[in-house]
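A.B. asks: One-letter residues, chain by chain:
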Amino acid sequence: MRIITKDIRVQDEVLTLTNQRAVFWEKEKTLVVSDLHIGKTAHFRKAGIPIPSAVLDSDLNRLKGLMDHFETKTVLVVGDLFHAENNTDIDQFGQFLQHHENVSLELIKGNHDRLKTSFYESLGITVFKTHKDVGAFRFVHDEQHCGEDTFCISGHTHPGVTIKGRGKVSIKLPCYEVSEHRLILPAFSEFTGLNTKRTVDSAVCYGFTEKSVFEI
Amino acid sequence: MKNVQDSQGYQIISDWMQEKGQKPFDFQLQTWNQYHNGYSGMVVAPTGFGKTFSVFLAVVIDYLNQPEAYKKGMKLLWVSPLRSLAKDLAKAMAIAVEEIGLDWQVEVRNGDTPQKDRRRQERLMPDVLLTTPETLHILFSQKNNSRFFKSLHCVAVDEWHELLGSKRGVLTELAVSRLLSLSENMKIYGITATIGNLDEAGKVLIPYKNIKTKRIVAKEKKKIDIITVLPDEIEVLPWAGHMGVKMASKIIPIIYENNTTLIFTNTRNQSEIWYQQILKIEPDLAGQIAIHHGSIDAQLRNWIEDAISDGHLKAVVCTSSLDLGVDFKPVDCVIQIGSPKGIARFMQRAGRSGHSPYETSKIYFVPTHSLELIEAAALKQAVKDKRIEAREPMVLTFDVLIQYLVTLAVGEGFNEKALFKAIQKVHAFHYMTEDDWHWALHFITEGGNTLKSYEEYHKVILDEDGLYKVKSKRISMLHRMNIGAIVSDAMLKVKFFSGGYIGMVEEYFISKLKPNDHFILAGRVLEMITIKDMTVLVKRSKRKSAITPSWMGGRLPLSSYLSNYLREKLSESLHPKTTEKELKFLHPLISQQEKNSHIPGKDEFLIEMIETKDGHHVFMYPFEGRLIHEVMAALIAYRLSLIKPLTFTIAMNDYGFELLSDQAIPINEDTIKDILSKENLMEDVIGSINASEMASRKFRDIAVISGLVVQSQPGTRKNNKSLQSSSGLIFRVLEDYEPQNLLLRQAYTEVFNEQLEEVRLKEAFERISKSKLILKFATSFTPLSFPIKVDSLRQSLTSEDLDARIKRIRDEVLKQTQV
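Taken in order, these protein sequences are the chains called A and C.
Counting in this note's numbering, the final residue of the first sequence is number 216, and the numbers go up one at a time with none missing.
Counting in this note's numbering, the final residue of the second sequence is number 819, and the numbers go up one at a time with none missing.
The reader is advised that the hints may include incorrect statements.
Interface residues of chain A toward chain C, partial, derived using beta-carbon atoms under 8 Å [said to hold, decoys possible]:
hint, residue
1, Phe44
2, Lys46
3, Ser53
4, Leu105
Distance windows between CB atoms, simulated [claimed, not checked]:
hint, chain 1, residue 1, chain 2, residue 2, range
5, C, Val395, A, Lys73, 30 to 40 Å
6, C, Ser545, A, Asn111, 40 to 50 Å
7, A, Leu123, C, Lys425, 49 to 59 Å
8, A, Ser202, C, Thr530, 16 to 26 Å
9, A, Thr199, C, Glu257, 54 to 64 Å
10, C, Arg147, A, Thr199, 56 to 66 Å
11, A, Lys211, C, Lys762, 36 to 46 Å
12, A, Asn111, C, Ser249, 39 to 49 Å
13, A, Leu123, C, Asn144, 27 to 37 Å
14, C, Arg543, A, Ser202, 28 to 38 Å
15, C, His442, A, Lys116, 31 to 41 Å
16, C, Glu456, A, Ser104, 48 to 58 Å
17, C, Ala69, A, Gly193, 31 to 41 Å
18, A, Thr199, C, His518, 37 to 47 Å
Hints listed in this document are in silico derivations from the structure and should not be mistaken for laboratory results.
Where a beta carbon is used, it is the ideal one built from N, C-alpha and C, also for glycine.
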């Protein structure tokens, strides 16, 4: 895994965007991720749709890679950590957490996080119901809990961007959507769709590939 | 051979017909005789000559001859591709049964059948059941369904030519295979219109060596009158669509001269435009004309169809939505707007008028630009030569196989060994290997990944009794909802705010609209209010004009048979026969083309190089249709870019394609042979396209049919929300983690067969390599190149800009050439 980074300055803070669907906040040693949707592949398999479990392996490997690379103290998930019910994917995630006890995991609950708070706590996760304020930032899942006069860091929309090539060729890439009061993270899980509609018209998007992070 | 005419049953039928003043057609008698002697087979007959009664009465006669051989329940199963067809056939059969004095029940079963009728049918099946391939498969997914078919004597597949060549055809093949396993001595009949590969069509439906088959071809022929509607003057520089406005006024008298006219257009978008245009020119027709296409609400369509039958309408603007279906007695005239793209389709549409035996079908051909007059000449010749396209059957469609396996597992369960044997006999799966079979089994039981099995995946399980079954109620329910091989685009229903459905539009189109935007659907100008629960709420608008949705997938490919005729007619166009008034009429254009450039002969291939202030253009004219030209253009661009790094803009129509670059294009007498070479063809094609992207689009249908994507029904609340995912996402995940998945392989195969049309592409390059290459340098656009140029402009400009721009180009060219 090759981690490419790009620092941006927001509210006089430096945030590091990576090409691995995560933001690192150096000052707080916090890795911010969103929309992991753990349990989604197993949920599909339960309904008779065979999605390979390697998707989760790869997501977790990527998370581990990022945590190691950045000397992370805290992983802050801004919502949709789990996709649906408690299933084998979540068991696997539980084991993953046991191997990383030195890193604390915090979760702002997302619309998919419908399991009981006590369940999250039993996995050692600190749960915030709607938001968490740290310095100049407010971390939320979706915009309904953004207050006025705060800079909101969220997920939920799975932002993506279409890049047009020659002729009729075009590709869609995940991206970070940054506007005056908002930063929306791309979904961390690879098994998620992309939404190319901007939340804020004037937003700047940072797309990324294996080799680069670039402004569009 | 026994003679059916010696039998008592025949006597009864013959007497009955005589009473009505009728006499069987030869082919009907032949069919009865064959059935009497235990044969299965194919009946080939044009519409309107009683092909239904050939097979239906064969079974009746046999029953009358030996009622003791028949058990209670279903005796004849009638499979037809269209719901609307079944309703009318059932009516005709029920009347016949009644008049003959049989106590048979004739009933329809499809998605519209009320619940209580279904339950009644399940207690005791009617003697004759008319249904669709999909509904038949849904029956297979019921518990204890084999009892429905134990008494079956005959399965008839109506309009087999329509099913053949699609995945619905494969569903039908599989259904026949299952029915045969339940009722060994059943006879199988296919009923079809004439197609280019009748032998193959027969073998696909009845591939069983132990079944005696024969083909019966009706001698009766439909006479077709083709009349070309000529424009007032010929445009030397034609462009598609432009002539439409002027031509619309020409069809008004035709509408008035006839009782009921069907006006066929090629796309839903075109039909909306023509409907508006006709009403604009002739407002008196309001209330007497209607519009009919696949995106109009089914209820509204039914109402229109009834109105046609009852003779209440003067004209209906339609698309292929009315290619098939009930015969409308009042229809005595058909108008085809623009190219029909295929000979079979043209004849089929013509046949929608004057369908009683011995009546002549009348079809007017209305060109939408002057070059299409060549097409008129080509169509006339093709109809005269009776050259009709083949329908290629689909093979190794693993998505359909997987659906079928799960269907059986949901139903009664299946035995692996017996089913493998049976499926290998089915035409579509003749070449399925044992490995493929095991992969499919593994896919439905373990999840496809051969290295790992998933503990929570229990779609199909091997039960203690040795049968593969689905045990989960939820999976059964999801599967039943998903049975079938028709995959529609993501559509939203359109409904008046005050109530009443109008039709459907693609999600893609509506996503670009904002509240208070206006659009046209079903001939009405509508204002969008909001979107809720997969439904677009609208209100009527007072505006006269608005944008028309362009539904995707509307463009039909040009058939290779028709392309052949096109090339032939073009090469003859300089010296047309006296009877070919279209070509004579076109002479000013043809001579301009010859003067400015060249008219390619039969063994020539024309390349035009034109330099304008837009840049350097290359035009080539393979006449292979838009789809192939897209591939060819990308390929040529790729080969050119190997000589010199260039960026091209690509444009095409059914006749040829254009490459435009801001720099000189390295085509000359020396390089042209290599650029058009047939060597390394497929390698270069793969280099020039994004195969993965194309396969990902093809994968959409595959994912839905094989149950990887849960389809949401338009108009209903999105259910199973947590199971929503796009086929593109699943495609990507499988490409990354399970590249050996056969469904992925199938997507690539479909790209090569359908999108790239590998066989046809190779033939085209073969032909080009044998042709004399004619390289012409022109100083301005030629009659052949102009329409392609306009098409590419259209994509980038708004319509007002477009008109002005075209006028300017046209003036420039005419000025130059007149000097």
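A.B. asks: Is the gap between the beta carbons of Arg543/C and Ser202/A within 28 to 38 Å?
C.D. replies: The hinted range 28 to 38 Å holds for Arg543/C and Ser202/A, with Cβ atoms some 32 Å apart.
A.B. asks: Tell me if the beta carbons of Ala69/C and Gly193/A are separated by a distance inside 31 to 41 Å.
C.D. replies: 58 Å, violated
A.B. asks: Using the C-beta atoms of Leu123/A and Asn144/C, is the stated range 27 to 37 Å upheld?
C.D. replies: 47 Å, violated
A.B. asks: That 37 to 47 Å hint for Thr199/A and His518/C (C-beta), does it hold up?
C.D. replies: 27 Å, violated
A.B. asks: Quick one: are Lys211/A and Lys762/C within 36 to 46 Å, going by C-beta?
C.D. replies: 37 Å, holds
A.B. asks: Using 8 Å as the Cβ threshold, decide whether Lys46/A counts as touching chain C.
C.D. replies: At 5 Å from the nearest chain C Cβ, Lys46/A passes the 8 Å test, so the hint holds.
A.B. asks: Can you tell me whether the CB distance of Glu456/C to Ser104/A sits inside 48 to 58 Å?
C.D. replies: 30 Å, violated
A.B. asks: Using the beta carbons of Val395/C and Lys73/A, state whether their distance is inside 30 to 40 Å or not.
C.D. replies: With Cβ atoms ~59 Å apart, the hint is violated.
A.B. asks: Please verify that hint: Ser53/A, Cβ, nearest Cβ of chain C, below 8 Å or not.
C.D. replies: 6 Å, holds
A.B. asks: Report holds or violated for the interface hint on Leu105/A, using the least CB-CB distance to chain C and a cut-off of 8 Å.
C.D. replies: Violated - the Cβ of Leu105/A stays beyond 8 Å from chain C, reaching only about 23 Å at its closest.
A.B. asks: Is the interface hint satisfied for Phe44/A? The criterion is a beta-carbon contact with chain C at less than 8 Å.
C.D. replies: Where the cut-off is 8 Å and the nearest Cβ of chain C is about 7 Å from Phe44/A, the hint holds.
A.B. asks: 40 to 50 Å was suggested as the range; check whether the CB atoms of Ser545/C and Asn111/A agree with it.
C.D. replies: 42 Å, holds
The structure fails to meet hints 4, 5, 12, 13, 16, 17, 18 from the earlier list, while all remaining hints are met.
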